[in-house]
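Asker: Okay, here's what each chain looks like letter by letter:
Protein chains: 4
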Amino acid sequence: MATDIELIIQELRKFNKDRDWDQFHNGKDLAIGLSVEASELLEAFLWKDPECVNPDKIREELADVLNYAFQMADKYNLNIKEIMLEKIQRNAKKYPVEKAKGNAKKYNEL
Amino acid sequence: MATDIELIIQELRKFNKDRDWDQFHNGKDLAIGLSVEASELLEAFLWKDPECVNPDKIREELADVLNYAFQMADKYNLNIKEIMLEKIQRNAKKYPVEKAKGNAKKYNEL
Amino acid sequence: MATDIELIIQELRKFNKDRDWDQFHNGKDLAIGLSVEASELLEAFLWKDPECVNPDKIREELADVLNYAFQMADKYNLNIKEIMLEKIQRNAKKYPVEKAKGNAKKYNEL
Amino acid sequence: MATDIELIIQELRKFNKDRDWDQFHNGKDLAIGLSVEASELLEAFLWKDPECVNPDKIREELADVLNYAFQMADKYNLNIKEIMLEKIQRNAKKYPVEKAKGNAKKYNEL
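Chains A, B, C and D, in that order, give the protein sequences. So the first sequence is numbered by the numbering used here: it starts at 1 and just counts up by one. So the second sequence is numbered by the numbering used here: it starts at 1001 and just counts up by one. So the third sequence is numbered by the numbering used here: it starts at 2001 and just counts up by one. So the fourth sequence is numbered by the numbering used here: it starts at 3001 and just counts up by one.
I should point out that these hints are in silico values taken from the structure, not numbers from a laboratory. A virtual CB, placed ideally from N, CA and C, is assigned to each residue, including glycine. A portion of the hints provided could be inaccurate.
To be verified - Just a few of them, taken from the derived set where beta-carbon distance is under 8 Å, the chain B residues facing chain C:
| no. | residue |
| --- | --- |
| 1 | 1001 |
| 2 | 1024 |
| 3 | 1032 |
| 4 | 1033 |
| 5 | 1035 |
| 6 | 1036 |
| 7 | 1039 |
| 8 | 1045 |
| 9 | 1047 |
| 10 | 1053 |
| 11 | 1064 |
With the hints as extra help, turn the sequences into a complete structure.
Answerer: Now the structure itself:
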């Protein structure tokens, strides 16, 4: 049975196949699109306290970011769950609990 | 049983809880972090043809993007699968197959 | 006599000509480079109050942003002073003093 | 007599003073705004060959980028000409002509 991540990937593939869009989806433009969407999400916070942000805007822009990120993973045959858990483990070594606890410094300033 | 997405969210929560980092994770800085990571991913493509990009760099930076995006979703109590599928449906209306097929134009230029 | 802006453009042209880099400087990669540098500047503020930011980092990253922006202007034969003053005038109409005074709302929310 | 850069800065200061906007212009939001505008410029190139981009869009978005960058410089009392020429000199050392000529590699890959 497909996991939830696989199911989303399948829907994205179908969407692109129906529109014959795979021809445009080179990695470079996908990376541009992802960066542009991350900026649109960020724009929701411009000049604002985080509490005053429109939650519908976050919902919509974050979905765009995730859709591009999942397509990027699919393009490069990356297993989303695997690369995310791997990164969490790597960050756990970079930011050991005893040093990083309650501390927002970057790892190379710890 | 937890789905893949829930399992990743649980790991991210544990990581942050162990380090007492929730106090820093306001939406605005999460959105900045996400945008910064999306740019680091994009940098892998700078001055390059998409085929010449280092796949390890993509793997690593995309994982960073996804980790921030998942934390953002968790912060705003957004169900990742739900918002992604909802967005695909909305895009399907914005880009109807008969108009968008084989065409990279933005919906407002179709 | 060359103005300050012209002088900087001349230095940038010389730098690129000496390295035979004009061949790489298509508009798309310049726009990527500019966006990547703007993100590196932004990263200086991540998890921080604006007062706690390292001023040397701002100096350095802002210079990178400006260098890319000036090269972009040169690439598209845009007169920097002209387009900036034109934009200020346009913004003055978009944000009339009587409506915008002391108000950080976006023009379409005024 | 004011140089062209000083003149632009004066116009930006007047624009903000008339609207009482200095109160909002903390460095962090200026950096967000700059990054968001750089992304809007980049969006003009998405899914496109550089030759097919709308020049009016570039003119407009680049002006926004420059206006934010100049305000950022003013906020941190940075002399634009000085920091830009300083950076060109530093890059000249990082990318010596004999190594970098005709070569788009990053300095740490040279």
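Asker: Evaluate each hint against the coordinates.
Answerer: We went through each hint and held it up to the structure:
no. : hint : in the structure
1   : 1001 : violated (35 Å)
2   : 1024 : holds (5 Å)
3   : 1032 : holds (5 Å)
4   : 1033 : holds (6 Å)
5   : 1035 : holds (6 Å)
6   : 1036 : holds (5 Å)
7   : 1039 : holds (3 Å)
8   : 1045 : holds (7 Å)
9   : 1047 : holds (5 Å)
10  : 1053 : violated (12 Å)
11  : 1064 : violated (12 Å)
When held up to the earlier numbered hints, the structure conflicts with 1, 10 and 11 and fits the remainder.
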